[in-house]
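J.: Given the structure of chain A, go ahead and fit chain B onto it with the hints provided.
2 protein chains.
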Amino acid sequence: MLARYFPILEWGRTYNRGVLTNDLMAAVIVTIMLIPQSLAYALLAGLPPVVGLYASILPLVAYAIFGTSRTLAVGPVAVVSLMTASAAGAVAAQGTAEYLEAAITLAALSGIMLAILGILRAGFLANLLSHPVISGFITASGILIATSQLKHILGVKAGGDNWPDMLGGLASTIGDTNMWTLAIGVPATLFLFWVRKGAKPALQAVGMSARGADIAAKAGPVVAVVLTILAVVSLGLADKGVKLVGAVPQGLPPFAVPSTDLSLIQQLWVPALLISIIGFVESVSVAQTLAAKRRQRISPDQELIGLGASNIASAFSGGYPVTGGFARSVVNFDAGAETPAAGAYTAVGIALASLFLTPLLFNLPVATLAATIIVAVLSLVDLKTPGQLWRYSKADFAAHIATIGITLLAGVELGVIAGVAVGLLLYLWRASRPHAAIVGRVPETEHFRNVERHKVFTVPHVLSIRIDESLTYLNARWLEEYVLEQVAERPAVRHVILMCSAVNEIDASGLESLEAINHRLGDAGIGLHLSEVKGPVTDRLGRTHFLDELNGRLFLSQNRAFAELSQDTGEPPPPNDHYLARGMI
Amino acid sequence: MLARYFPILEWGRTYNRGVLTNDLMAAVIVTIMLIPQSLAYALLAGLPPVVGLYASILPLVAYAIFGTSRTLAVGPVAVVSLMTASAAGAVAAQGTAEYLEAAITLAALSGIMLAILGILRAGFLANLLSHPVISGFITASGILIATSQLKHILGVKAGGDNWPDMLGGLASTIGDTNMWTLAIGVPATLFLFWVRKGAKPALQAVGMSARGADIAAKAGPVVAVVLTILAVVSLGLADKGVKLVGAVPQGLPPFAVPSTDLSLIQQLWVPALLISIIGFVESVSVAQTLAAKRRQRISPDQELIGLGASNIASAFSGGYPVTGGFARSVVNFDAGAETPAAGAYTAVGIALASLFLTPLLFNLPVATLAATIIVAVLSLVDLKTPGQLWRYSKADFAAHIATIGITLLAGVELGVIAGVAVGLLLYLWRASRPHAAIVGRVPETEHFRNVERHKVFTVPHVLSIRIDESLTYLNARWLEEYVLEQVAERPAVRHVILMCSAVNEIDASGLESLEAINHRLGDAGIGLHLSEVKGPVTDRLGRTHFLDELNGRLFLSQNRAFAELSQDTGEPPPPNDHYLARGMI
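The listed protein sequences correspond, in order, to chains A and B.
Our numbering puts the first residue of the first sequence at 1, with every later residue one more than the last.
Our numbering puts the first residue of the second sequence at 1001, with every later residue one more than the last.
To be clear, the hints were calculated from the coordinates, so they are not data collected in a lab.
This one's a predicted model, so the numbers in the text were calculated from it and none came from an experiment.
If a hint is listed, it holds; no wrong ones were tucked in.
Derived pair list, reagent style DSS-like, types lysine-lysine, alpha-carbon separation capped at 30 Å:
hint, chain 1, residue 1, chain 2, residue 2
1, B, K1384, B, K1394
2, A, K455, B, K1534
3, A, K455, A, K534
4, A, K394, B, K1534
5, A, K534, B, K1455
6, A, K384, B, K1534
7, A, K534, B, K1384
8, B, K1394, A, K534
9, B, K1197, B, K1293
10, A, K534, B, K1534
11, B, K1240, B, K1157
Looking at chain A on its own, in the form it has when it is part of the complex (with noise of 0.2 Å):
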């Protein structure tokens, strides 16, 4: 039970000398990765680069106790800090006290609501994201990411929470780009483009081994930063106009109380909620696909309460919504790390690196973290998904496109309420469409078939349709309509046999609807039958009085219930009266 809640009592227990070496392995590596990544994304959420630092520190310990993935790599990822920005703009000026009080507010809420949901168990509400809403969705905000970035780059003042205001800022200061600025910005991301693709096989071919190199590969960023600021050092690139990370604070995080402020805490609820649950999302699935390539298993309800934790420890050390990352889990994977251990390690590397190193920060170009931005969400960015979708399902491809539109034209909060909203009405306007199927038997056989794609023996007074769906509030109208549509068609109809096999449930709606389709056919002198009925269902309907006012009866069998039906008729069938039934439907 308490090892439920705290999985470092179960991994905990068996932990030795060989996976210690591994973890802190891997947590140099990470941190070297982090540093730089930290200080960019916390540039993207608005924030003074230390806050980036910050959140990379208590968040991880906290995971490390609580979380299920035993190689997750937490702390600022681009996406949340992306909301974050546009959550805290929208009720402060950045660079003021009341836009940090705002994200670490952000963090708090976050932090409680995903215990919450944890402690209820309600991971499912992750489930709301489809697939194509969520690829849409980050496809969207990479493109907003790396514009925002441009500014950066051209060294020019520009803003904007959406696309249009993005290139229409960059459009009008375009005339005011600051030519060191760019001659630092475009190397840079250039740099880092080629670091990614093409520093590997350099490597290699040097003669490193494949996984040196590829380790190896993830300090690029770490060399582009440090090249950078030798270059404003040696050129004295501060007087002219490049704008620079500055004094960054030496020592540890502080202590800090989110705001209770309940004015503040009403108009962020929801981004709160959004970062929550995009924040899960994402983290989750990171978290599933590493774990499936050890065959070892996450439990989604307690990365809940893991990140739940993370983002609770963030807003209390002064840091920003946190949650796990791709890029950095993949090399903490890759790295050997084997616990959550090693993300304690990590957390003391970046302790160490915000008590030592910042100094050394100070001519950092932020031209050289906006390349690093860049370069990682460009990745993010999936260009072939909308022809995937198109080909497969018309449906989904539109709750992507609509994802990506709304998310470009008006941000991301809108965008991810929008994609949900989309495809659950594309969801909701499906299943009260349900399938069905008028059926006949197949010759010889006990099996009964769509009379439209197969051909099978009907009889002209027994009517059998098979329902391919439960029974629920959403498709009890549709049901009513349906059959007494197809019994309106035809005249004659003397029983109705609903096939059951498919329904697993039917809710408190749908029985009423059984209850009025009855009721008209019994007034019409037709009968209705159910066959196939699921156990369960069965169960529950004897509860109940439908079965004993039913105008028909219930058969365990299709084939049964069409056999003794068939023969109850006024005068006996034509010789041969095989047929089939077409255009039915």
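T.: Using the frame of chain A, we list chain B on its own:
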């Protein structure tokens, strides 16, 4: 095509003298019933009584042109009047010009929304309201409405939008009770209750025909109106603190223009949407019930247009939101109305009343109207449903009780929203945990059944899973979890067969899950096979790479799949390897 949007073109062609006579007869009876009702519901909506008459003229004509029900009678109804009072009361004080303007604007917004939903054929949205939610909402509204009218019976001033406020208001003002008002209100209420239950047998006892007695009993409210007016005049109650209807403007409805003030529209659009949906659902249920009795059909999408036109007509003639009412439609039906023309004739009757009868209403006590409302709405309160739902389905019971509770405590708008939200959450929760079963072959047949419920034959290296649900984004995550867990528990498994006979659809998220399962099973050297995939689903899968990458085969029948794969074993299966698999889920 034209006849689809103007059903009048269809029934109008065969209109003849016999139909005219029947329609006129019904119109006279409905008019007599509608006059006191219109006044009373306007009072409930917090509007001048004459607005109720205005809302019963042009809307009926509009419905006669656009509506598809032959017998539905539209006009002001209790629940929508309560919702109007709640929405208009939120933006202005009762009795002010702004309050009336808000009511008119609500009718216009609601009309436009209904018409747009009709043109988009979006009637399926009404499915979001399940039977338990609607019946809970109607019950709670009945309680709220009856409570709200008690102040008029007592002759005190009390307010409140929700039940605790109303009861508190009554408790604190009950000392101010006007005894003359009480002396009118209590007998009027008792008389109307008696009319409802006892008048028909009494009239039959004095020799009236059953149908005649039934119709005459509907005139009970008119008798109460006449008697209480006479009491007021003869006893001079106007000077004794009895609140009267007072001067009612004489004449036809004015031409009114809804507000185009954007800030007002922003405040009113949510309540207008709720009024539209509640009104539509109520109206369509009545229309469907009556149509079925005469084997006629209505078109829900065209009904949206019909009700939309009615509300737009109401807005432009100084009325407020209207919909099809249950009691008056039943009276219309019983009185023999054959076409929507009866509604148009009723409109003429009400127009004549507002031209000539309004001066007679000066001395009508408000308490009489309140009594009319109380007696009408108490029949809405349904105390049997909670028990039935509890026995049948705990989830439906929860939605029902949540709707009643929130409507009583927080008012009508939050009540509807909460009902829809609770219903949807419970649905999504169940949809995210669909039913699946490990199946085996029933000996000496080709049927496969749940290993937990039947004695079936299985082999250790083949796992057959029947999935009883379409694979959609709501359960995609579950599918991955479930399949991988079942495999993890059975180390001997070398082949997994997903039996897809109940899978009607696989959306893009479901496909991604299948791909992930295929990939992960492939890593473990386990084959993934699909059996009994439906035609349209196979066609769709064929448009992707999934079938090429499938680490196994597609079998037409589960029997074939099981027969072939159970042969594929390193050593031959031991003889008589029949066993009963038990407790395997």
